[in-house]
Amino acid sequence: MIKITLPDGSVKEFENSVTPLDVAKSISEGLARNTISALVDGKQVEVTTPITADATVQLLTWNDDLGKKAFWHSSAHLLAQAIMEYYPSAKLTIGPAIENGFYYDVDFGGEAFSEKDFEKIEKKMLENAKKDSSFRLYPVSKKDALQEYKNNEYKTELIENLEDGTITFCTHDNFTDLCRGGHIPSTGIVKAVKVLNAAGAYWRGDEKNKQLVRVYGITFPKQKDLTEYLERIEEAKKRDHRKLGKELGLFTFSEKVGAGLPLWLPKGAKLRQKLIDFLGAAQQKAGYEIVATPHIGHKDLYVTSGHYDKYGADSFQPIKTPNEGEEFLLKPMNCPHHCEIYRSAPWSYKDLPKRFAEFGTVYRYEQSGELHGLTRVRGFTQDDAHIFCTPDQLIGEFEKVIDLVLYTFKSLGFENFTAQVSLRDKENKEKYIGTDENWEKAENAIKQAAESKNLPTVIEYGEAAFYGPKLDFMVKDALGRSWQLGTIQVDYNLPERFDLHYIGPDNEKHRPVMIHRAPFGSLERFVAILLEHTGGDLPLWLSPEPFIILPISEKYTVYTKKVLNLMENSDICGRIDERNEKTGKKIRDAEINKIPYMFIVGEKEEESGTVSIRKRGEGDLGTLSLEEAVRMMKKVTDKP
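All letters in the sequence shown, in the order written, are residues 1 to 640 by UniProt numbering.
Please keep in mind that the hints were generated in silico from the structure rather than gathered at the bench. Glycine included, C-beta positions come from ideal geometry on N, C-alpha and C. Misleading hints may appear alongside valid ones.
Said to hold, decoys possible - Label pairs and their calculated CB-CB ranges:
#1 Asn100 / Arg180: 18 to 24 Å
#2 Ala259 / Lys224: 40 to 46 Å
#3 Asn209 / Lys130: 35 to 41 Å
Take these sequences, add in the hints, and give me the full structure.
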């Protein structure tokens, strides 16, 4: 008898070898129709894979992330098949599933491939999908695999790095490809296809290699799903933070200043400062002390921390002093500087925890092709803090940081999130520093703190920082896209590398534990995500211009300035539209610029000491006295 354990803990018994599809049929025919992939003992396999021993089985449908992965991985085969039918001399390389869809990197051998070719590829993919061909995975010897791809140097390179006995091919219809597996039952499940883009991509991501064409696509089991996806894509274009940043006058970039180095315009600088003030006030209540560190540091500082060894080759190169021959680096991290601040004074266990916070600007060299608006830059400001505590204080301090992160998310409208417990790679521990004992203690502390706060968590191996595990908050925005926002890390290693200590109750030296945390991550990236999440309609308390005064004519300049002064005296920032334009145009422009409130001023308002108020998206709100208008604006712009 074979015992199959399902995710709910129930066990089903089968007399002989069984497949995931058989397991699905034993539950219901409806489930069997919808099952497109499966996990057997944690490994993703086809639904026709034989199970010959007791196993845990999870059945996957389109509604599961791994179900979509199998669907899109299989669709990459359909894309490759269509490409080869139109471009038989092309050379295929790799074609994985990605978060939304899939891509295939292709060497077209000099043949042109562009957007005008997308439609014919889509039609061919659908034509082949309708054949309802099964995906068949089978083993191939290394010798035969190399023979099959003797004219394809890319596949040959991949095969050379595989062990004989582990190589498999996948066939559907008339097409065969080198593949590890994880397919849907047949092509007929694919009902809607869209080729999204074609871009340059170096083989294996190395710019020294040949540039290939990366063809992106996405598929769905229903046409309705594709239609909805494309509508979301159009909405995402409208919400693109680069577009909104330009329209709203928040930030800009200059080739003369340098790629990836954002310039905050006055309105953007106001938004940035409001975020700093918001988190600064929360940090002060939580017992943080503000520190400040320079923009550069001696190379030895980063050698000690381990950052130079890990990231030195990919950082801005050292700055050498003209006479002494010393080397300095643009600061890539704040934590080594904070370690030195801690080391500058003796501490007792009675002094701990010490919580040092800094909005510190750091610099990291990113390849020019990877720069993207504010989400990928070379200079950015982290809302960084480092907590130095005793081992007994660790979990309590970690829980307090979780509370701060959750308060931040709630205040800014991010309510859909998952906490990712990012641990070491089980198979490759060489890329991390520190002892197994310290790593185990750090990982257990994170798991315990997350559990005590009832956070929805997932565990990801290989995502830890090189010096310690972390809790990353994966937030979904208004369009359902996931972003990593906020991180908390436990670190036993930097205190050792910097020889940090405190005097314990036994009057002996003890090593503190270090918590790294950044609720925003970086101000630049956070603003980008916030703009796209809100579509530029920021929470009122964050708006750089919560109101604008629209005088009907220049005759009311004196009264208009009186209104502005009243607001400014109550710490409510706004401005006057003094252009010689009709009021209707001024209102339209204020709406386009997403200014929440408009105060319209004319003869009637001047005589009665009032303002007529319009709210963006709602229209006329009536007339208020100046005192009432100030009270209203104070209420709607109050920080949470």
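Against the structure, the hints come out as follows:
For the pair asparagine 100 and arginine 180, the beta carbons lie near 21 Å from each other, so the given range of 18 to 24 Å is met. Under the hint 40 to 46 Å, the C-beta atoms of alanine 259 and lysine 224, about 41 Å apart, fit the expected range. A beta carbon spacing of about 37 Å between asparagine 209 and lysine 130 agrees with the range 35 to 41 Å that was offered as a hint.
The structure meets every hint from the earlier list without exception.
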